[in-house]
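Input sequences plus hints: build the corresponding full structure.
Number of protein chains: 2
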Amino acid sequence: MTELRIAIVGFGKIARDQHVGAIAAVPGAMLAAIASRNASLPGLPHFATVEELLDKGPQIDAVSLCTPPQVRRGQAAAALAAGKHVMLEKPPGIGVAELDPLIAMASEAKRTLFATWHSRHAPAVEPAREWLAARRIKSVHINWKEDVRVWHPGQAWIWEPGGLGVFDPGINALSILTRILPRPVFVIAAELAFPANCQSPIAANLTLTDIGGLPITAEFDFRQTGPQSWDILVETDEGRMTLSRGGRIMAVDGKVVADAPDEEYRELYRRFVKLAASGTSDVDLAPLRLVADTFLLGKRNIVEPFVD
Amino acid sequence: MTELRIAIVGFGKIARDQHVGAIAAVPGAMLAAIASRNASLPGLPHFATVEELLDKGPQIDAVSLCTPPQVRRGQAAAALAAGKHVMLEKPPGIGVAELDPLIAMASEAKRTLFATWHSRHAPAVEPAREWLAARRIKSVHINWKEDVRVWHPGQAWIWEPGGLGVFDPGINALSILTRILPRPVFVIAAELAFPANCQSPIAANLTLTDIGGLPITAEFDFRQTGPQSWDILVETDEGRMTLSRGGRIMAVDGKVVADAPDEEYRELYRRFVKLAASGTSDVDLAPLRLVADTFLLGKRNIVEPFVD
Chain A
1 MTELRIAIVG
11 FGKIARDQHV
21 GAIAAVPGAM
31 LAAIASRNAS
41 LPGLPHFATV
51 EELLDKGPQI
61 DAVSLCTPPQ
71 VRRGQAAAAL
81 AAGKHVMLEK
91 PPGIGVAELD
101 PLIAMASEAK
111 RTLFATWHSR
121 HAPAVEPARE
131 WLAARRIKSV
141 HINWKEDVRV
151 WHPGQAWIWE
161 PGGLGVFDPG
171 INALSILTRI
181 LPRPVFVIAA
191 ELAFPANCQS
201 PIAANLTLTD
211 IGGLPITAEF
221 DFRQTGPQSW
231 DILVETDEGR
241 MTLSRGGRIM
251 AVDGKVVADA
261 PDEEYRELYR
271 RFVKLAASGT
281 SDVDLAPLRL
291 VADTFLLGKR
301 NIVEPFVD
Chain B
1 MTELRIAIVG
11 FGKIARDQHV
21 GAIAAVPGAM
31 LAAIASRNAS
41 LPGLPHFATV
51 EELLDKGPQI
61 DAVSLCTPPQ
71 VRRGQAAAAL
81 AAGKHVMLEK
91 PPGIGVAELD
101 PLIAMASEAK
111 RTLFATWHSR
121 HAPAVEPARE
131 WLAARRIKSV
141 HINWKEDVRV
151 WHPGQAWIWE
161 PGGLGVFDPG
171 INALSILTRI
181 LPRPVFVIAA
191 ELAFPANCQS
201 PIAANLTLTD
211 IGGLPITAEF
221 DFRQTGPQSW
231 DILVETDEGR
241 MTLSRGGRIM
251 AVDGKVVADA
261 PDEEYRELYR
271 RFVKLAASGT
281 SDVDLAPLRL
291 VADTFLLGKR
301 NIVEPFVD
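Sequence lines, in order, name chains A and B. Just so it is clear: in the first sequence, position 134 is 134 by the numbering used here, and no numbers are missing. Just so it is clear: in the second sequence, position 80 is 80 by the numbering used here, and no numbers are missing.
Errors might be hidden in some of the hints.
[Claimed, not checked] For the chain A half of the interface with chain B, some residues (derived, Cβ under 8 Å), not all of them:
#1 V96
#2 I211
#3 R289
#4 R300
It is worth saying that the hints were derived from the structure and are not from the lab. All values derive from a computational prediction rather than experimental measurement. Here a beta-carbon is modelled for each residue, glycine too, at the ideal position from N, C-alpha and C.
Here you go:
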């Protein structure tokens, strides 16, 4: 088996914490270089920009873009133009429409464009999907609250336009929701709390539904201290299913039925290796589209300034 | 030829000013009823709601939804479920995702769902599209500024969440832009001016581009007094094309090459009659998607309160 030689572009917290280890653990994938303005890894070729990497770097087959979403489209276009497969951290862009030309480029070049949603690969997500497919769903509630100071220290880009704010974690919940429910959902109302000094919301309440009128609510909050919440609760005609710890644990009426270790990022790279072998793309824009709709139709409230 | 019996739902300014006359003028279309909480037309059956219309009204084949976008999805679903063809005023919804289930419903029922963009039917739009297709485009500038007090008197829904604010006219420009340019465009930066007392922007500056890096800028403003501006300027390698008065007049280097009377709404109903004859849908979400992306990635500035 030929190994997929991957360069990580953008070497921040998520690249270090997740991507490096996942690439090392997945057969068929190898880390070949890093492009980052600020950071490097001992023993690996290092370049300041993706252009320098593509121009002067070692032979690579693919790039994994872990940069903030604001700069990712240009990097993806450069990498596809150079004949590389591209993996995008979530969210895949700062807008939905910017993905279409990238999808077309990948298709023409027979290269893979893979828009990842790591939370969909949490171990209890597929069991939850299967369990729900056989039952009548009565309501859904998402409770997704974390402490931004713990999980995103110094990540100023999150608060800039296009940085998504609390939707940076919230979109993980929406990526699971759109995977486990049998029908497409859409937002019908929302309230967004913008700190007076920030361009992105720090909290949000969403009301969603589907064509059958299923009541779905979501609470996102970046100001949670103490215990953190990454839970989806689904009431059905055969009991309450809870998907907790970000999709790691599934329980029915309080009884745990699925609980396995986190291999989200390994799963992403396993899938990337497979997709690249055939040059197939996988770009599901549904979660980002829900967030764009939320910004479009949501009520904006100004709340107290946020200081990191 | 059997006539398409159409009921207008929502009988505000645009229904009176445009839809009634257009239906009367188009062969194969006839106005059969009106559903509106507040208004009616002498000699026509009148109902307070779309549900009452569908339940107790005369035989109709289609509804034309001229209600504010916030209530349109539910009305469209009810009409499709009752086997009616549906025409939607622009914008087609308060979010992009809510259209998917309606498209699926229409397809299953073999009924027409027609998301209209009236400005695309301005007489100089197709000539402009053809002219541009044969030339190299160097830059595009949109200047779309009108006096909200003149054109939207008392339309409070415009300022509510989902009401779009200045994008109510601005989306007309975007619907023309996405029709006349040869390649898909996307937003890369935006500034939105929100009056302190409103949930929708009163002005906006957008920067868009396409995969080739074409520079596109747009200025939208609802505070224009004096002469009104509905212009798109396109620099090409063979001169400057201007599309002015909302797509009514096309000129090249100052010389008028297309100028015909406005038949936008007649064209819409001509097309609706044709689509309904075969139960085909026509839903292009590109303009709404650009607006959703603009809200998602745009910088928000608070400006002075707006008083109607």
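(Q) Of all the hints numbered above, which does this structure not satisfy? Sort the numbers upward. (A) Every hint satisfied by this model.
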